[in-house]
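Protein chains: 2
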Amino acid sequence: MTDGTIHGVRHALVLKRRPHGMPGAGDFEMVEERLPVLAPGEVLTRTLFLSIDPYMRGRLYDRTSYAAPVQVGGVMTGESVGEVVGSTVPGFAAGDLVVGTRGWQTHAVTEAKALVKLDRHGAPPSTYLGVLGMPGVTAYSGMTDIGRVKSGETVVVSAASGAVGSVAGQLAKRAGARVIGIAGGAEKCLWVQETLGFDDCIDHRGMDIAAALLAACPHGIDVYFENVGGAVQQAVFSQLNPFARVIMCGMVAQYNDELAPPPGANLAFVVRKRVRIEGLIVTDKPERFPEWRALAAPWVADGSLKYRETVVDGLENAPEALAQVLSGGNFGKMVVKVA
Amino acid sequence: MTDGTIHGVRHALVLKRRPHGMPGAGDFEMVEERLPVLAPGEVLTRTLFLSIDPYMRGRLYDRTSYAAPVQVGGVMTGESVGEVVGSTVPGFAAGDLVVGTRGWQTHAVTEAKALVKLDRHGAPPSTYLGVLGMPGVTAYSGMTDIGRVKSGETVVVSAASGAVGSVAGQLAKRAGARVIGIAGGAEKCLWVQETLGFDDCIDHRGMDIAAALLAACPHGIDVYFENVGGAVQQAVFSQLNPFARVIMCGMVAQYNDELAPPPGANLAFVVRKRVRIEGLIVTDKPERFPEWRALAAPWVADGSLKYRETVVDGLENAPEALAQVLSGGNFGKMVVKVA
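Going down the list, the protein sequences come from chains A and B. Position 47 of the first sequence, counted from 1, bears residue number 47 in the working numbering, the numbering being contiguous throughout. Adding 1000 to a residue's 1-based position in the second sequence gives its number in the working numbering.
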C-alpha cells in the first residue's frame, strides 16, 4: 500500500476513428498521460500482457450490444495481466500479479474488486488471458451449459486452433466424443490433430467444406461449437443430427461486415431436428471463471491441456494484432507483450 | 368385444403421386376395401372427425424426417376421433369414443394401445383434435418446455388464430405476458384481439411487419412462438431481446418450397443477445398429452379457453382442406367431418 501518489506517465492506445471493415493502426492513436493519484480502493498496475480477442471488433461499432462501445477518444478495452506497482488496498502489494479488464495501456488504475490475484508461482502469466482465462472459460461454459456432450457423440469445432476452439475440442475429447476441427491452413490443421488430439481437422481454405464434413462425420453432427459463421456455419448446419446443440459463441468471419450481414441458413431443419441454437456470452456466468481456473490449472501444469500462443511485442502493435485475429493470421491465443 | 369378423367396406384416401408445391385433390385417390378381420389386440373404429394439420405437408416428401413419409399407394396419415364399432380388446366396447392416429379413412383398424379413450360426456369430440389435442399440447409443451414466459414479458405468436397459436397466446396471457399475434387478414386479427384477448394482432398481409411489430412491442420481444417462417420470422428475429426464447414449431409459409428454401436470418444476433432457438416436435414429450387434457378440459368446459374450428364435410374434401391449411384459408382448427 502507498498513499496514492504515483510519479510517472502511462501510454495508452485510444480510438481515433471508427474503422470501416478491418481495423488498422490508423484507427488508434498513442497518447501519454501522467499517472493519476490513486483513490481509496484503487490499484495501479503495469501491464505485462494484453489479450487480443475477436469480440473486440464489436466494441468498435457505435451501437449498444451486450457491452458498451468504446468511445472515440477513449482507451481501447481489453483484458490484461499486470503487476501491482501501487495500491491503496490491503491485500494488494507491489509485485502482485493480477488479471482484469484494464485496456490497451501500459499502466492502469483499477478498482481492486475488478482484479483477480494470481499465483506468481503457478501457470505462466499469459495463460490467464488464454487457456486459463476468458477464452478457456468460454469453451468450458459453452460445453457445460449448452453443449452437454455425451460419450460417443460427434462434435465439430470451428476456429479449432484458436484460444476458444482448442479448449472446446479438448474438453469434448475428455468427454469421450469424436471431435472434428475446422481451421484455416495445413499447419493449424496438423497441430489440431497431432497436438490437441482431435480425430480430424478440415482446412476450410479452398475446400468443399460440406463434402469434407460428410466424410469426417459419417454419423452426423451432435454438437457444434460455432466461432466463425458464414459458409462454415451453413455447411455444419446442414449436417446436424436430431437433438443437436449449437453453441453460438462467435461469428468472426463476418465481424467486419456485420452492418450488412450475409443471409443465414434457412432454419426449417431446426423444427424437424429439434435443434437447440443458443448464444453464449461468457461474462453472464461469472461463477464459471474461478471454477475453470481451479479445474484447468492442474491440466496446464501436467501438460494434458495443450495451448498455443502468438505473442506480439509492444503495445503499439496491438491494432495489427487485432487485425490478425480477425483475419485468422494468428495461431492460437493472441497476446501482446507490453512490459 | 366381437370375434374379430367385421362385415362392410371402408373408404380411404391414398397418395396417388407426390405433389409439387401445393397439394390438391388430384394427388390423392379414394379407394374402397373390405374391412379386415380383427387380430387380437385390435379395435375397429369409424371415423367421426379427421384432423388436418400443416405438418402433413412434410409427410408427402420422399425423405426421412422425424417421421416416415407416406408412401405412394398408402393411406394418408392423420389423427382422428372415432367411435368403436368392433373390438377384440377388453375395455373397448362399441360406442366408445377414441382419439388416435388413424389416417384419412372412414374406418380404421388400430392396436388398442395406440388409442386414447375419451369421455363421451366431456368436451365436444372434435376438440380432441384441436384445443385439447395435438395442437393444444404443442402450444402447451412449447410454452412449458421452451418459452417459460414470465409475467410482464412480451410474447409474439405467428399464425395466431390457428389451432396452435391461439392456445399458445392464451397460455402466455395466463402467465401475465403482453401478447402480440400475427395473422392473415382483418377478420382473424379481430378475433385474436377480441375473443382470444391478445393485446394486439398484426395483419401480415400487405403490411410492413417490422414497423408494425416495433410499434406493438416497444420493449422488444422476449418469446416468439414460430409457426410460419419466412418474412415474418426475419422481422421478429430482428427485434428479439437479450435472452429471448424462440419456440420453433413450424414454418408453414415455406412447406411447399422446402426443397429450395429461401435463405434465413443471419444469426449474429443470437450470440450478442444470447438467444435460444429450439425446435419442437410435440410427440417427443408424450407425457404432455394427458397432462394437457387434464389441465385444459376444465378451461374448455368453463369457456375460459377459446377456440375456433373450420369444419369441412366429407372425407373426399380432405385434400382441399389441407391446401387451405397450407395457404391460411382456414380459420382456427381445421377438421373434416367424416361420419
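Treat the hints as calculated values from the structure; they're not laboratory data. It is possible that some hints are incorrect.
Selected chain B positions facing chain A (in silico; Cβ < 10 Å) [to be verified]: (1) M1207; (2) G1229; (3) A1231; (4) P1263; (5) F1269; (6) R1274; (7) D1284.
Where a beta carbon is used, it is the ideal one built from N, C-alpha and C, also for glycine.
Problem set entry | Numbers of the earlier hints that this structure fails to satisfy, in rising order | 1 and 3
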